[in-house]
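Student: Listed below are the residues making up each chain.
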Amino acid sequence: MMSGFEAIAAAAALDLLAFSPPGWGATLLAGLGNSVIIALGAYGLGFAIGLCGAFGKLYGGPVTKDLLAVYTTIVRAVPELVLILILFYAFTGLLNQALLSWGMDRVQISPIITGIVVLGVVQGAYQTEVLRGGILAVPAGQIEAARAMGMPSVLLARRITIPLMTANALPGMANLWLNATKDTALLAVIGFSELTKATYQASATTKAFFVFYPAAMALYLGISLTSTFLIGRIEKWARRGQRDVRG
Amino acid sequence: MGAARAKGCARVMKNVFKPHRVVLIVLAVALVAWCALSLNWTWLANPKYQMLIVQGIWRTIWIVVVTMVIGMILAVPIGLAQAAGPWYLSAPARVFCTVIRGTPLLMQIWLLYYGLGSLFPSIPWIKQSDLWPYLRQAWPYAVVALSLSVAGYEGEVMRGAFKGVPHGQLEAAKAMGMSPFTLLRRIWLPQALQRVLPTLGGETVSQLKSTPLVSTITIMEIYAVTGRIRQDTFIIYEPLLLLAVVYMCLTGLIVLLFRWLEGRTPTRTA
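Which chain is which? The protein sequence lines are A and B, in order. Numbering of the first sequence is given in our numbering, commencing with residue 1 and proceeding in unit increments. Numbering of the second sequence is given in our numbering, commencing with residue 1001 and proceeding in unit increments.
Note that these hints are calculated values from the structure, not bench results. Here a beta-carbon is modelled for each residue, glycine too, at the ideal position from N, C-alpha and C. Errors might be hidden in some of the hints.
What the hints assert, rightly or not - Residues from chain A shown here face chain B by an in silico Cβ test under 10 Å; the list is partial:
hint, residue
1, Gly41
2, Leu45
3, Leu67
4, Lys182
5, Val189
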């Protein structure tokens, strides 16, 4: 009797997760797609900011250093959700003001682009610190030797500093990637239809909370476990040629 | 001592008053003055909002303290189970940590609040129990979700801390005939906690930064309060700026508190 009831419940759960319209599978997967795109974009933008920020903090002029210190301190002291709100209004507001002053019309910026820019600025602050630590861990002699050979600074960064710092910065960068995937959930609060928002809508409509939340959590876990596995492979590759500490 | 301090003070002054810093400080002061003068802060004079803001800050602090304490109490057995427990304890602990750390906190909060919140009314004995008046409110779900999150992250840290205590210490205690519980209480736990202390400040700051998420389940902490003020007054930026300043002050307080705490714990530096 009980097993029959459980079988019906399981079948109903599968129906709810079905791909075609009565089921919500397609909505969830579209949400997952949005989450992944935003996470990738934000991480990439954050990497660009972080790399410039790290080199600026170490080798920049005094003003650059101070401004970067202000940027990383503020972003790391204020909750992501608050930053998202501030940047969300500031970014769209300033862009539209600029467009109006150039005599163009207001634009509606796509939510995905806004999400990427906002989370990218947040990621940039954290990545600046991680990459700065990675650069500091590069043996000074390597950089001095390259300078002594007359390498221009861009070539030095490309050939010496970045390859040598990769292994040092990877664990921290891996953590930040996992944070980026989880931070996309915050965009649900301002109404982006990423995975968490899609889950909320699906479960609020069908009242099947214990179908959709575990399913979405499994998707997030899938991302994080796959990433951890891949990052392990990359770290092994980055540490090739280094002596194993365990001997 | 006095001379050294005066010298240090002079160095700090010299650092602050480098020419470019003076320019930056003047610019910053000008920016703050512009914010104070030309933005709309009239709503701050409203006693209703003052009351709400103070209450909101108090609730935020309360949530951080309560969930950090409960979470750390849970984290100790979870870390211990992973570090030294048999497989039937360590495997669930590891799964718990992986799930908590691998899924967004917002989703965990919503699962507890909307999921359990819709399940409980349909179970008769819960509805008749003395706990029901509390379970109808939002804050138990917020406290449970945030505490579990701390337990998941700190459980992993505690695992490393337990494993990092030198083996000789534990062997010496065993050789003295200490019972396992005394060993844990006197030797293992204190040394593990001492190792965790430097990371605890950062964890508390992260916890502070997760508290605005509970505003999504109707808890009126400082983030929700500013949201309400923005809705009431149609002012967009100013409450958000106040919110950022409040969080920066709270972060600074936490950092100072833990610096003081670390200075008080005796450590031998080689």
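Student: Any hints this thing doesn't respect? Which numbers, in order?
Tutor: Numbers 1 and 2 - these are the hints that the structure violates, sorted from lowest upward.
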